[in-house]
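Now for the letters of each chain:
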Amino acid sequence: MRTRWSEQHLRLRREVIEFFEEVWQPEWLSTEPESDEYRAMGREMDKRLIERGWYTLHWPPEFGGKGDMIQHTILRELEGYYRVPTYGGHGRFIVGPALLQFGTKEQQEKYMPGIADGSLVICEGLTEPDAGSDLGSLRATARREGDRYIIDGTKLYVTFGHYANAMLLAARTDPAARKHEGVSLFLIDMKLPGMKTSPLMCITGHQVNEVVFRDVSIPADSLLGEENRGFYHMALALNYERSGVNAPSRYMAELEDIVALAKETGRWDDPGIRGRCGELATMLSAWRAMAWRVAGAQARGVVPTWEASVAELYRKNTNPVFGDLLIDLFGPDAVISRGETPAVLHGRIEYDLLESFNNHGQGGLLVTKNAIARRGLRLPRE
Amino acid sequence: VPDLAIELGDERLELLRTVRSVSEDSAKAGPATADGHSLWTQLAALDLLGVGVDADTGGSAVDIGVIGLGLGAGNAEVPYAEAAAAAIGLGSAGGAAARQALRGHCDGSLRLIPVNKNGGQVRTITGASFAQDVSGSDVPAVTLLGYEQRDGKAALTLLSEVWLGPRVRTAARGVYRSLPSPDWDHDGAELVAEGHDAEVLWDDIRSLNRLLCAAELTGGARWMLDTADAYSRVRHQFGHPIGSYQGLQHVLVDILAAVEASELLVFETLAAWGDGGDEQEFHDLCPVACAFARRRLHAVMKDCYGVLGGIGFMEEHAVSAYNRTMLLRLSQVGSSIELNESASTRIRRRQWVQ
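For the protein sequence lines, the chains are A and B, in the order given.
Take 11 as the starting number for the first sequence in this note's numbering and just add one per residue.
Take 2 as the starting number for the second sequence in this note's numbering and just add one per residue.
Okay, chain A solo, but in the shape it has when bound (with noise of 0.2 Å):
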């Protein structure tokens, strides 16, 4: 990979890597994801990438940013390799990019500063009780009333719900139009009569959360872009941040550290147990290079629809090898929970054995592989 980057980009990530490597600190890995002390490290984290200008470095200059889309993702690969912990939600990655496409100049103004500054914290509320992979079936409504709209209706797995100042929101704004057709996006507060949020508990410890709608009134000027083009504005503004390039640096770390375990151990003189772990670094290598190639077509202007999804196939393919290496490396020791002495590496290993059934995100497996063979392949529909 090093070999494809020019020499800017190349000294921003020795940047970068230096300035990691000087703060890390091993709590990063061994305090509760759901804690105060985590948020806490994570707000600080924000506040050191912000005063570097690393924080929205893909940004247009006039909204602070100060690099490209490689460098952006340079970071981003770095974040996770050094398990960094975030506290700032989507506003940074998904919410901003899309209201410098589609918003008002009032919207960019109310709401890029705090995006930036990393003190405003956007959630998504996109997926319902009857509407996950297939989001064109969504049903939540935003009636049209005078000058404003009113929203009914519930979103699920909100994640940093509990904690965001505000909510991109898609819901229904024409029941009559084709399915993605009539859906409409709006920024929204979050503390607003009529919501009301509750805790989902995921197997991992992380908390998301079910958002509740019932006549909750929103000003007009809240929809962001075209009214019913939402599914649209949608799919474009979640490329942004859909190379995930953050995630298989994340497992090669966590691959590095169970290694180094291994070798102190001695699982490590375990000529299949060596195997296994290169198996999972060709794994590994390959969902990288998906996740660049996915970066270097967003970095050309290119909108990588089904190539993203080829790099979202690799996490999916790789999730399974992982959690079944991580049983045969520890046995019973794999499921001892952060917390108890005997928790390897303070439960992480738990942690990731639990996070390896993490395959629904971006759609389940078969949705993933869908998108692919329709977009990707064109492949005939039955």
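Source of the hints: derived by calculation from the structure; they are not laboratory data.
The beta-carbon is built from N, C-alpha and C at its ideal position, and this holds for glycine as well.
Any given hint could be a false lead.
Cβ-to-Cβ under 10 Å is the rule here; a few derived chain A residues that face chain B [claimed, not checked]: (1) Arg14; (2) Tyr92; (3) Ser259; (4) Gly288; (5) Tyr324; (6) Asn327; (7) Asn380.
Here the structure of chain A is known, so what remains is to put chain B in place on it, guided by the hints.
For chain B alone, kept in the frame of chain A given last:
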């Protein structure tokens, strides 16, 4: 030209087209005449054998990979991966014998074949993948570049004018001959490097050889993807094209994902080779790219047969010829066990940020 995962640029795409085209023409000539010699001569006439090894011709390891990709896509059966890897090694070695052999490689008058004289995996690389009828007077003999460890000391030796043994029946398409045990001690053998230098050179040659085999395999796998994809659109069962069924679509998606990643890994690795490259990245990635090609492209071959069904299993179908060549290349990339082990030895703390 296939829709590639890698950004090659116009010149390299043209190179790919040319190599693929001459390879396909050669393959169409059929088994009786496809002894590889005419294609080898053509590659030399087009100045392609000197690419990446001859300063006058220019080019880089990436260009060599592009040629490998084209040869694979055109199902060529010539020992290009072996000869190019050996030539790169000889270029680093220096010396009169090495220079002479390099000249012979570039003008097509000889075929360099690396041989591990101590046996093992590399020896199987050399025994196959070239097909020539030694009874033809215009067919050159093989020049061996032999590596050995004797009495604890490494040596790399050139041996010219080695004639092949009798024909050997193989799964592959062309005419194959066994590699005899040559007399390495005869007067014509010339020492190219010894000791640590020989070890380093041999390690590079072996790595490049495997990687170029992976490049050819990837070219063949891209052809298989195109073939399976096209068939899925015209073959109807139960009233619909089979490519409209989700189960089959997912098989094609797995093929696509493997081919795309293999292209990226092979070329990322080749880009790290040589001047302006990154030696550590090359050695980190090489077993990874080879292990990936070895396992995942084998799966591609299986899946291609799955899509084609019975018609693909017929000897007359083009996929048979590709499959046989690719089987050979698979065996030359190395064993999965060895490659995974090799990839594991590269895992170390902060590996991706060094």
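Hint-by-hint comparison with the structure:
This hint holds: Arg14 of chain A has a C-beta 7 Å from the nearest C-beta of chain B, less than the 10 Å allowed. Against a cut-off of 10 Å between C-beta atoms, the interface hint on Tyr92 of chain A holds, since the closest Cβ of chain B lies about 9 Å away. Because the closest C-beta pair between Ser259 of chain A and chain B is about 6 Å apart, less than 10 Å, the hint holds. The criterion of a C-beta within 10 Å of any C-beta in chain B is met by Gly288 of chain A, whose closest approach is roughly 3 Å, and the hint holds.
Checking Tyr324 of chain A against chain B: minimum C-beta separation of about 7 Å stays under 10 Å; hint holds. Checking Asn327 of chain A against chain B: minimum C-beta separation of about 8 Å stays under 10 Å; hint holds. Nearest Cβ of chain B to the Cβ of Asn380 of chain A: about 7 Å, under the 10 Å cut. The hint holds.
Going through the hint list in order, the structure satisfies each hint without exception.
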